[in-house]
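Protein chains in written order, with this note's numbering: chain A, 1 to 267; chain B, 1 to 125.
Each hint should be verified, as a subset may be incorrect.
Below, in silico cross-link-like pairs of lysine to aspartate or glutamate (EDC-like), each with a Cα-Cα straight-line distance of 16 Å or less [claimed, not checked]:
1. A/LYS175 x A/GLU159
2. B/LYS7 x B/GLU36
3. B/LYS53 x A/GLU162
4. B/LYS87 x B/GLU31
5. B/LYS94 x B/GLU81
6. A/LYS192 x A/GLU159
7. B/LYS94 x B/GLU36
8. A/LYS263 x B/GLU36
9. B/LYS7 x B/GLU31
10. B/LYS94 x B/ASP34
11. B/LYS55 x A/ASP202
12. A/LYS248 x B/GLU36
13. B/LYS53 x A/ASP202
14. A/LYS184 x A/GLU162
15. B/LYS94 x B/GLU70
Here are a few chain B residues that face chain A, going by a calculated C-beta distance under 7 Å [unchecked claim]:
16. PHE11
17. GLY14
18. THR23
19. ALA82
20. LEU98
21. GLU101
22. ASN105
It is worth saying that the hints were derived from the structure and are not from the lab. Ideal Cβ positions, reconstructed from N, Cα and C, are used throughout, including at glycine.
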Amino acid sequence: MFGKAQLSSSQSSSPNFGNQEVHQRLIDDREFNLLEENNQQVILAKGEGQGNPITPPTNRGLSSFSTPPPGGRPSQPSPPTTGRNPFIYRRTPRVVDQGLNAGANPAGADNGGGAPEFEENSPVPNKEQSQESKNYDYRSNDPQNKKKSKDQCPIDQPELNESFKSNSSLKKVTKRALRNQHVKREYTRMLKRIGEGVDPMDIGQNSTNLGGGLVYVRGRHGRYTIKTNNGVKDVVGIAYRGSRNDMKTLAKEMKKSYNVNIKPGGY
Amino acid sequence: MKENQVKSFYFMGGVPTDIYNGTVDVFVTLEGDDFEYWVEITTPQALSFHMEKNKENFIEPGYPCIIVHELTPLVIREALEAFTVDKEDAFWLKLYHLTVEWNINDLNTILDRHKKRLQDEENED
Numbered sequence: 001m002f003g004k005a006q007l008s009s010s011q012s013s014s015p016n017f018g019n020q021e022v023h024q025r026l027i028d029d030r031e032f033n034l035l036e037e038n039n040q041q042v043i044l045a046k047g048e049g050q051g052n053p054i055t056p057p058t059n060r061g062l063s064s065f066s067t068p069p070p071g072g073r074p075s076q077p078s079p080p081t082t083g084r085n086p087f088i089y090r091r092t093p094r095v096v097d098q099g100l101n102a103g104a105n106p107a108g109a110d111n112g113g114g115a116p117e118f119e120e121n122s123p124v125p126n127k128e129q130s131q132e133s134k135n136y137d138y139r140s141n142d143p144q145n146k147k148k149s150k151d152q153c154p155i156d157q158p159e160l161n162e163s164f165k166s167n168s169s170l171k172k173v174t175k176r177a178l179r180n181q182h183v184k185r186e187y188t189r190m191l192k193r194i195g196e197g198v199d200p201m202d203i204g205q206n207s208t209n210l211g212g213g214l215v216y217v218r219g220r221h222g223r224y225t226i227k228t229n230n231g232v233k234d235v236v237g238i239a240y241r242g243s244r245n246d247m248k249t250l251a252k253e254m255k256k257s258y259n260v261n262i263k264p265g266g267y
Numbered sequence: 001m002k003e004n005q006v007k008s009f010y011f012m013g014g015v016p017t018d019i020y021n022g023t024v025d026v027f028v029t030l031e032g033d034d035f036e037y038w039v040e041i042t043t044p045q046a047l048s049f050h051m052e053k054n055k056e057n058f059i060e061p062g063y064p065c066i067i068v069h070e071l072t073p074l075v076i077r078e079a080l081e082a083f084t085v086d087k088e089d090a091f092w093l094k095l096y097h098l099t100v101e102w103n104i105n106d107l108n109t110i111l112d113r114h115k116k117r118l119q120d121e122e123n124e125d
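Put together the whole structure using the sequences plus the hints.
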């Protein structure tokens with residue numbers, strides 16, 4: 001660790017590090033602001049890990065990349081996937097430490113730069129680095145990355161609509177049903193289960209398949225009709241089971257809107 | 001003896017697709033009573049299936065339901081007739097229907113009344 005620190009300080013005199021220092025400062029300023037805004041704990045960890053008081057941003061870069069975890073790696077200004085860090089190279093993007101180590105090598109290649117040994121001699125084992133990346137993953141604080149990850153990784157959860165909200169005929173019925181706290185809680189739990197990908201037929205006790213993608217879910221307190229269309233779940237109706245009139249209204253609306261008879265003839 | 005006999009009933013939530021393994025919601029009308037009582041009717045196989053599917057050793061607490069061997073109109077009517085015995089003023093049907101309306105305050109009120117009656121009986125002795 002000390003050896004690394006010495007190297008860091010000597011790097012500033014190397015001609016190879018003239019440019020790097022400028023880059024480093026830019027990155028560190030940005031990173032410092034980012035950290036300061038988003039994660040105070042990280043800054044503290046950094047200071048502790050270095051064993052030195054927190055230095056101004058211009059000095060933090062070199063000393064930080066050379067230190068072992070947990071302080072060694074926090075100066076990761078941006079995730080590797082953004083491509084904003086010119087010093088990221090060679091290693092898998094998940095190990096964000098590589099960016100820091102690479103930062104010591106402005107040549108951008110393993111052996112082509114002025115100080116490739118920084119990376120090769122890094123005392124931080126890969127396993128440990130991965131662990132660190134879990135603990136100090138700044139990427140999660142970067143709004144840009146949040147947006148990006150959302151775009152890039154579509155959520156697996158099935159889409160869920162609540163078209164009963166826009167159904168004027170069922171407005172009173174559903175409003176009355178959800179006024180009942182039992183129904184409300186039950187409905188919330190049901191939504192959660194649907195969000196987890198549970199088939200509506202598996203929700204409640206012996207739900208009935210009405211055909212046409214419609215399922216009549218028997219909750220303990222409420223009755224729900226859910227329509228599945230191309231994987232999209234749509235709650236089309238809710239009624240409190242204790243209300244005869246509301247159940248009838250629900251049946252009428254299902255017949256009218258979906259041509260499904262949930263109230264067949266009497267016996 | 002015609003009072004409280006089952007006049008008619010109909011399913012709510014569609015007809016059962018499997019008469020041995022299913023559950024239906026039923027609205028019942030009694031003779032001389034226009035009110036529609038709601039009961040849930042299921043089969044033993046459906047209860048068993050539910051426990052197996054959810055890997056449960058028991059059925060979670062819930063409102064009582066009428067259990068029949070098969071979900072045919074004939075059997076359902078037979079069961080409903082048993083739940084609407086005239087001399088009991090359709091006690092069981094009304095009980096099954098009303099539990100959904102009860103809350104813990106209602107139960108505690110009845111429980112207090114019950115405790116008081118027991119206490120009075122003890123005092124009498």
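Cross-check of the supplied hints:
{"no.": "1", "hint": "A/LYS175 x A/GLU159", "result": "23 Å, violated"}
{"no.": "2", "hint": "B/LYS7 x B/GLU36", "result": "10 Å, holds"}
{"no.": "3", "hint": "B/LYS53 x A/GLU162", "result": "27 Å, violated"}
{"no.": "4", "hint": "B/LYS87 x B/GLU31", "result": "14 Å, holds"}
{"no.": "5", "hint": "B/LYS94 x B/GLU81", "result": "13 Å, holds"}
{"no.": "6", "hint": "A/LYS192 x A/GLU159", "result": "12 Å, holds"}
{"no.": "7", "hint": "B/LYS94 x B/GLU36", "result": "10 Å, holds"}
{"no.": "8", "hint": "A/LYS263 x B/GLU36", "result": "14 Å, holds"}
{"no.": "9", "hint": "B/LYS7 x B/GLU31", "result": "5 Å, holds"}
{"no.": "10", "hint": "B/LYS94 x B/ASP34", "result": "14 Å, holds"}
{"no.": "11", "hint": "B/LYS55 x A/ASP202", "result": "13 Å, holds"}
{"no.": "12", "hint": "A/LYS248 x B/GLU36", "result": "11 Å, holds"}
{"no.": "13", "hint": "B/LYS53 x A/ASP202", "result": "9 Å, holds"}
{"no.": "14", "hint": "A/LYS184 x A/GLU162", "result": "14 Å, holds"}
{"no.": "15", "hint": "B/LYS94 x B/GLU70", "result": "22 Å, violated"}
{"no.": "16", "hint": "PHE11", "result": "6 Å, holds"}
{"no.": "17", "hint": "GLY14", "result": "5 Å, holds"}
{"no.": "18", "hint": "THR23", "result": "4 Å, holds"}
{"no.": "19", "hint": "ALA82", "result": "16 Å, violated"}
{"no.": "20", "hint": "LEU98", "result": "9 Å, violated"}
{"no.": "21", "hint": "GLU101", "result": "6 Å, holds"}
{"no.": "22", "hint": "ASN105", "result": "13 Å, violated"}
Hint violations for this structure: numbers 1, 3, 15, 19, 20 and 22, all remaining hints satisfied.
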